[in-house]
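Visitor: Each chain is listed here by its residues.
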Amino acid sequence: MTEAPAIALRVVGATRRFGATLALGGVDLDVRKGEMLTLLGPSGSGKTTLLKVIAGFEMPDEGEVFLAGRNVTLAPPARRDVGMVFQNYALFPHMTVAQNIAFPLEMRKVPRAERDRRVADALALVDLPAHGGRLPRELSGGQQQRVALARAVVFGPSLLLLDEPFGALDRKLREQMQLEVRRLQRRLELTAVFVTHDQEEALILSDRIAVMEAGRLSQLGSPQEIYRRPANRFVADFIGESNLFRARVVAGGYAELESGLRIPLPDGAPGPGSDIGLLLRPERPKRAADGNALFDGRIVEIVYLGETVKYRIEDAGGVQLIVRWPYAGREPPLAHGDALRVGWDRDDLHWIPWT
Amino acid sequence: MKPAASPGGWWRRHRDNATSLLAATPAMLFLAVLYFLPMVLLFAQSLPNGSLVHYEKALTDGLYVRVLLDTLLVAAYVTAACLLLGYPVAYFLARAQRTWLAVGMIFVLLPFWTSVLVRTYGWMVILGRNGILNRALLQGGIIDTPLPLMNNTAGVVIGMAHVLLPYMIFPLYAVMKRIDGGLMQAAEGMGASGWQVFRRIYFPLTLPGVLAGVTLVYVLSIGFFITPALLGGGKVPMIGVLIEQQVHTFLNWGFAAALSAVLLAATLAVYALMRVVLRGNMRWT
Numbered sequence: 000m001t002e003a004p005a006i007a008l009r010v011v012g013a014t015r016r017f018g019a020t021l022a023l024g025g026v027d028l029d030v031r032k033g034e035m036l037t038l039l040g041p042s043g044s045g046k047t048t049l050l051k052v053i054a055g056f057e058m059p060d061e062g063e064v065f066l067a068g069r070n071v072t073l074a075p076p077a078r079r080d081v082g083m084v085f086q087n088y089a090l091f092p093h094m095t096v097a098q099n100i101a102f103p104l105e106m107r108k109v110p111r112a113e114r115d116r117r118v119a120d121a122l123a124l125v126d127l128p129a130h131g132g133r134l135p136r137e138l139s140g141g142q143q144q145r146v147a148l149a150r151a152v153v154f155g156p157s158l159l160l161l162d163e164p165f166g167a168l169d170r171k172l173r174e175q176m177q178l179e180v181r182r183l184q185r186r187l188e189l190t191a192v193f194v195t196h197d198q199e200e201a202l203i204l205s206d207r208i209a210v211m212e213a214g215r216l217s218q219l220g221s222p223q224e225i226y227r228r229p230a231n232r233f234v235a236d237f238i239g240e241s242n243l244f245r246a247r248v249v250a251g252g253y254a255e256l257e258s259g260l261r262i263p264l265p266d267g268a269p270g271p272g273s274d275i276g277l278l279l280r281p282e283r284p285k286r287a288a289d290g291n292a293l294f295d296g297r298i299v300e301i302v303y304l305g306e307t308v309k310y311r312i313e314d315a316g317g318v319q320l321i322v323r324w325p326y327a328g329r330e331p332p333l334a335h336g337d338a339l340r341v342g343w344d345r346d347d348l349h350w351i352p353w354t
Numbered sequence: 000m001k002p003a004a005s006p007g008g009w010w011r012r013h014r015d016n017a018t019s020l021l022a023a024t025p026a027m028l029f030l031a032v033l034y035f036l037p038m039v040l041l042f043a044q045s046l047p048n049g050s051l052v053h054y055e056k057a058l059t060d061g062l063y064v065r066v067l068l069d070t071l072l073v074a075a076y077v078t079a080a081c082l083l084l085g086y087p088v089a090y091f092l093a094r095a096q097r098t099w100l101a102v103g104m105i106f107v108l109l110p111f112w113t114s115v116l117v118r119t120y121g122w123m124v125i126l127g128r129n130g131i132l133n134r135a136l137l138q139g140g141i142i143d144t145p146l147p148l149m150n151n152t153a154g155v156v157i158g159m160a161h162v163l164l165p166y167m168i169f170p171l172y173a174v175m176k177r178i179d180g181g182l183m184q185a186a187e188g189m190g191a192s193g194w195q196v197f198r199r200i201y202f203p204l205t206l207p208g209v210l211a212g213v214t215l216v217y218v219l220s221i222g223f224f225i226t227p228a229l230l231g232g233g234k235v236p237m238i239g240v241l242i243e244q245q246v247h248t249f250l251n252w253g254f255a256a257a258l259s260a261v262l263l264a265a266t267l268a269v270y271a272l273m274r275v276v277l278r279g280n281m282r283w284t
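Chains A and B, in that order, are what the protein sequence lines are.
When we follow numbering that gives the first Met the number 0, the leftmost residue of the first sequence carries the number 0, and every step to the right adds one.
When we follow numbering that gives the first Met the number 0, the leftmost residue of the second sequence carries the number 0, and every step to the right adds one.
The hints are simulated quantities; they were obtained by calculation from the structure and are not laboratory data.
Here the structure is a predicted model, which means the values were calculated and not measured.
Check before you lean on any hint, since a few could be wrong.
[To be verified] Residues from chain A that keep clear of chain B, each with C-beta distances beyond 10 Å, as calculated: (1) A54; (2) F85; (3) P92; (4) H130.
[Claimed, not checked] Pairs of lysine to aspartate or glutamate residues, derived as DMTMM-like cross-links and limited to a Cα-Cα distance of at most 25 Å, are as follows: (5) B:K176 with A:E137; (6) B:K176 with A:D120; (7) A:K32 with A:E137; (8) A:K32 with A:D120; (9) A:K309 with A:E188; (10) A:K32 with A:D80.
Glycine included, C-beta positions come from ideal geometry on N, C-alpha and C.
Please model the complete structure; the sequences and the hints are all you need to start from.
Guide: Here you go:
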């Protein structure tokens, strides 16, 4: 047996109410040392409240927070040794970049000479070595973001928190910054908790993803697990695009849709009579010859996405299936109304309880 | 190649400016005729036949110089009092929720809507030798003899600070309202204590409001007339009182005009000085 990974952050039964609304409903979460864990969820799912509870800006009504084994539930933010990158960066507008980065060191009474050295190191780390004398408003959005990052890590925090830090950047810059943050986090072996509502961002950045819904953890797992084997309808809907069919298990290893369409079940499916959801990612189905086809329909919608094309197919029973295939432009294009037969492996399907 | 200037190009480029200028014209005419023109005429009176006699008297006669300096000093007291009293009030208002904001605003605005004369007489009732305050203190056994709160600098400062407080509170409030609360949270998260957050982050960010409020109150204080006249009881001669005296009692319009010009120059000088002093701290604005 391998040794259990060290836990950098442990949240136990965190509960927070705002009046009658339950923002956090007893969340348990362990974050391993050196991992990047993403709190993913729609707005109002409690992800930001959880982050604030971890940072100490919000006190949980119930539950506890442990940082490196130390109970910090009642500790003020200043005593938590946590670095944070805020949504709008929260750079101090009246201080230069260097003064901004030096601020947490100053508060920790780091001597002047060492402070200067560490600020210079941090500036080099985020690739802004010559920008120390500038004011925040003289920097671009991406540069401001890097300063915020440098300021959050300069004092060597035991935990880095990132609150939707890429929201204000345009798409191209966002992707670049995501990878940069990830590289930095790996290089400094930082434990990081990252909040986002963008599932694509979560898949790119995380070691593990905690999907949140209505103040609770809906699923916790690696990006692959979350994408391939969502635990419930909420996660299946929220992560990526999917075909989700409601079906009832019938005898002989099949599930039957309301339209009467029968689909062979994947392994491990429950017994006959159970209501389940069948999940099929759009990239899984392949064009099939007559005999092997599991779904036989006509194209009702075509969306050109550049490297892939998305087709919506509808069968005689009115069931719709979305497929997405790479398209290099060599084969003759499919058109509206064309007949299309597709099939898939049994293992491409993933079943979830229908609740 | 430059595109040829199209006809009407000038108008298109300057349309917005021209329109707003048009809209401002009535007010500018009003100010020009009823404010700027009289000021020029007054200034002309201070130079009878181009002679500088009035200015010579104003700037060399010990009495007038002392009164001018006293005026600047009293204005400084008033400004300091307004800043010390107004800053916490503005802070409270900037953070207050709806009900408290409404209540607070009414408390600030109600006196603001009341005539200065009425408020000054009100203070006379409170601060007089036989006033409400002294009687209460005497009856409470806190003092043996009435405190001299009127007909001296203290009374003038109290009365003026009361009148001018809103002019300090509003600019401060406006600036504080715009400060991103996340900055304070961020500082706190980086290990700053409450005092450090205030001193290093919050206060520097309110400096534009401080400058605006201080300038407004100081400039208004220098020219104040009613309150020093009534609460000073003639013992706190401020330059405004002196000017009035020259006009009404001595009918010496020329000298009054010269004093006014000196007052205006002093006001502008003080404003320029404050800008210079605070400029280093406000590079970011």
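Visitor: Could you run down the list of hints and mark each one as holding or not?
Guide: A quick look at each hint next to the structure:
Its beta-carbon lying about 6 Å from the closest one in chain B, A:A54 breaks the requirement of being farther than 10 Å from that chain. Here A:F85 does not stay apart from chain B, with its beta-carbon only about 6 Å from theirs, under the 10 Å limit. Residue placement check: A:P92 does not keep its beta carbon more than 10 Å from all beta carbons of chain B (closest about 5 Å). Remark: the non-interface label on A:H130 is consistent with the geometry, its nearest Cβ contact in chain B lying 15 Å away (cut-off 10 Å).
Our distance criterion of 25 Å between C-alpha atoms is met by B:K176 and A:E137, whose separation comes to about 23 Å. Distance restraint check for B:K176 and A:D120: the Cα-Cα separation of roughly 36 Å exceeds the 25 Å cut-off, and the hinted pair is therefore not satisfied. In summary, the hint linking A:K32 to A:E137 is not supported, as the alpha carbons are separated by about 36 Å, beyond the 25 Å threshold. Annotation: proposed proximity of A:K32 to A:D120 holds, straight-line Cα distance about 24 Å (limit 25 Å).
At most 25 Å may separate the alpha-carbon atoms for a hinted pair to count; A:K309 and A:E188 exceed this at roughly 40 Å. At roughly 15 Å between alpha-carbon atoms, A:K32 and A:D80 fall within 25 Å of each other, so this suggested pair holds.
When each numbered hint is compared with the structure, violations occur for hints 1, 2, 3, 6, 7, 9.
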